[in-house]
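As you go down the protein sequences, you meet chains A and B in turn. Residue numbers 1 to 171, in the working numbering, belong to the letters of the first sequence in order. Residue numbers 172 to 581, in the working numbering, belong to the letters of the second sequence in order.
Simulated from the structure, these hints should not be mistaken for laboratory data. Any given hint could turn out to be false.
Unchecked claim - Okay, the calculated beta carbon distance ranges per label pair:
id, chain 1, residue 1, chain 2, residue 2, range
1, A, Ala140, B, Gly380, 50 to 58 Å
2, A, Ser132, B, Gly187, 26 to 34 Å
3, B, Glu577, A, Pro42, 53 to 61 Å
4, B, Gln441, A, Asp44, 13 to 21 Å
5, B, Ala395, A, Glu40, 34 to 42 Å
6, A, Val145, B, Gly380, 24 to 32 Å
C-beta atoms are modelled at their ideal positions from N, C-alpha and C, and glycine is treated no differently.
Chain by chain, the residues:
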Amino acid sequence: MSRTFRIGALYSRGPHFPRVLQKLREQHPGAQITAIIPPEYPRDALEGLADAVVVTGQNAQMGGHWKTAFAVLAQIRAGKYDHFVVMFDSLKLRLLAAGSGAASRFCHSVDGRIIPLSRNPLPALLRACARSVRGHIVYAYIRWVVYHRPVEKSQGAGEKKENVVKGIGRI
Amino acid sequence: MRLAFVDLIFSWPPNGGADIDCYHVVSGLQRAGHAVHLFVAHEQQSTDRGRVNPADLPFPATRIDFTRRTLRAARVARAFQEAVDAWRPDILFLMHGFALKPQVALALAHYPIVSRYYAHELACARDALRFKDGAPCPNDYLRTPDLCRRCALDHQRRAIRQWRFRTWTADYLAARAYAPEYHAQVLAALRSMDAVMVYNAALRAHLEGFHDNVLVIPGGVSVAAIAAQAAPEKGPAEEKIILMSGRADDPLKGLDTLLEAGRILWERRQDFVIHATHFDATLRRPYFRSVPWRDHGAALALYTQADICAVPSVWAEPFGLTAVEAMAAGRPVCASRIGGLQDIVRHGQTGFLLSPGDAPEWAKALEILLDNPALRREMGAAGRRVAETEYDWNRVIARHYLPLLERLGP
Chain A
1 MSRTFRIGAL YSRGPHFPRV LQKLREQHPG AQITAIIPPE YPRDALEGLA
51 DAVVVTGQNA QMGGHWKTAF AVLAQIRAGK YDHFVVMFDS LKLRLLAAGS
101 GAASRFCHSV DGRIIPLSRN PLPALLRACA RSVRGHIVYA YIRWVVYHRP
151 VEKSQGAGEK KENVVKGIGR I
Chain B
172 MRLAFVDLIF SWPPNGGADI DCYHVVSGLQ RAGHAVHLFV AHEQQSTDRG
222 RVNPADLPFP ATRIDFTRRT LRAARVARAF QEAVDAWRPD ILFLMHGFAL
272 KPQVALALAH YPIVSRYYAH ELACARDALR FKDGAPCPND YLRTPDLCRR
322 CALDHQRRAI RQWRFRTWTA DYLAARAYAP EYHAQVLAAL RSMDAVMVYN
372 AALRAHLEGF HDNVLVIPGG VSVAAIAAQA APEKGPAEEK IILMSGRADD
422 PLKGLDTLLE AGRILWERRQ DFVIHATHFD ATLRRPYFRS VPWRDHGAAL
472 ALYTQADICA VPSVWAEPFG LTAVEAMAAG RPVCASRIGG LQDIVRHGQT
522 GFLLSPGDAP EWAKALEILL DNPALRREMG AAGRRVAETE YDWNRVIARH
572 YLPLLERLGP
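Let the sequences and hints guide you as you build the complete structure.
The following block contains the structure:
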């Protein structure tokens with residue numbers, strides 16, 4: 001006899017968790033859906049949306065501590081899910097999804113997009129590093145501009161509309 | 172008359188009050204017999220820029236697509252210029268936008284331009300709120316640009332360094348709003364506008380010396396649509412609902428004040444419950460319920476289920492749409508004595524104006540209303556009359572927009 005298809009959906013603070021569960025129910029009508037939630041999440045809000053609930057020590061995304069993340073990961077792995085869903089596409093959640101042991105992993109984002117998450121977290125890690133390097137370089141440049149090139153207050157002041165229209169090319 | 176509307180942020184279903192305002196102004200002017208066309212920027216994979224299908228709108232619209240890579244000031248300005256020039260409007264309305272708006276205005280300066288500012292976009296380079304460290308900020312970008320440039324960069328440091336950001340920062344980078352030249356572009360763009368619309372007198376006063384045709388034009392509500400919502404029958408013993416509608420998750424909206432007032436009241440009485448449209452379902456109190464996030468149409472029904480509406484904002488709300496919607500639903504409103512809310516709520520007539528953040532004062536005012544159903548009805552009826560005469564969209568269009576078109580039109 002084949003085992004029931006198991007889906008684990010991890011709550012992160014955001015408006016669309018019930019919507020994600022609803023979507024999963026529509027996509028997988030016969031599956032057993034488990035909502036993985038922090039202790040303070042009201043269970044009555046999940047009525048009819050999830051078949052089972054796993055209460056974590058803390059929300060893995062909100063709590064920054066690695067110890068917490070590993071505890072949550074252990075709980076997720078114990079669920080032996082076939083399909084694992086997170087609510088945001090962040091590096092932390094990608095790592096958690098990669099470690100979940102589920103055969104398929106997706107991010108159901110707030111705008112309704114469903115993003116497949118790779119089992120191998122290395123590309124995501126590299127992308128995050130590249131973004132961070134780029135961000136730091138851009139930030140350093142902007143900081144230099146902001147602190148070393150002050151605004152000359154006379155620029156543009158007092159111009160009439162006709163002059164502005166004639167001078168459009170200067171932008 | 173041919174009226175083009177350019178909105179650099181618009182989404183439908185709406186993300187906020189600015190989208191709702193734009194939607195009603197465009198459809199209202201279309202109903203008034205004008206040819207209208209909305210031009211919207213769409214950024215791929217953005218959750219809050221251009222998330223709209225033009226076919227879902229009741230007026231013609233064009234969505235101009237960008238990616239994060241192609242979202243550059245010159246390209247955005249050129250794309251809108253080409254699209255608008257092909258349609259050849261008589262007047263151009265420049266609706267919501269952040270740092271890219273001045274450059275788009277300059278590219279379209281050959282048209283008569285009416286520009287709407289919804290908050291402090293011109294004054295605050297940080298986030299358009301002009302609210303910092305728990306208080307209104309005394310600085311403004313037009314007058315103290317270097318101070319504001321540093322503040323803006325400091326505020327966005329984390330987002331830029333991690334290269335994970337939303338629309339405000341995307342615009343800041345795309346428009347090079349950090350550059351010293353940007354200040355001159357903002358001033359030139361202001362000069363290129365034939366009229367500037369703001370929500371309240373304080374915002375108009377702020378623009379004194381920078382533009383000589385600043386108009387205070389309020390937003391509006393569809394009174395009929397709100398009034399059509401069925402009000403449930405309630406017995407006197409049923410718990411009374413105090414509703415806080417809108418983005419209650421935002422700390423600037425003052426939910427903390429309302430919760431503290433609720434706690435004070437709960438020690439004396441347990442006949443009420445606070446409802447707030449708040450997406451963190453983990454926030455629980457015996458006197459508080461989080462109402463799931465819903466679309467704007469469904470959210471209107473919440474007003475008629477409520478007994479009292481609260482708008483406890485701690486920042487200077489330029490308009491306060493939720494207060495007007497509550498009044499249109501015939502509910503008394505307790506609101507902070509701040510920003511545009513002071514123009515909307517009439518203290519002692521349509522509700523109470525209260526000190527922002529002063530929970531004991533809020534508890535006292537809420538208790539007066541909880542104890543007195545006749546006063547609730549009386550204030551609710553007065554609020555409905557004000558909403559009908561001053562804030563119904565048909566009236567707003569007829570009173571403010573049509574005369575403006577007559578003055579500016581060909």
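So, going through the hints one by one against the coordinates:
no., hint, result
1, Ala140/A / Gly380/B: 50 to 58 Å, "violated (36 Å)"
2, Ser132/A / Gly187/B: 26 to 34 Å, "holds (30 Å)"
3, Glu577/B / Pro42/A: 53 to 61 Å, "holds (55 Å)"
4, Gln441/B / Asp44/A: 13 to 21 Å, "holds (20 Å)"
5, Ala395/B / Glu40/A: 34 to 42 Å, "holds (41 Å)"
6, Val145/A / Gly380/B: 24 to 32 Å, "holds (27 Å)"
When each numbered hint is compared with the structure, a violation occurs for hint 1 only.
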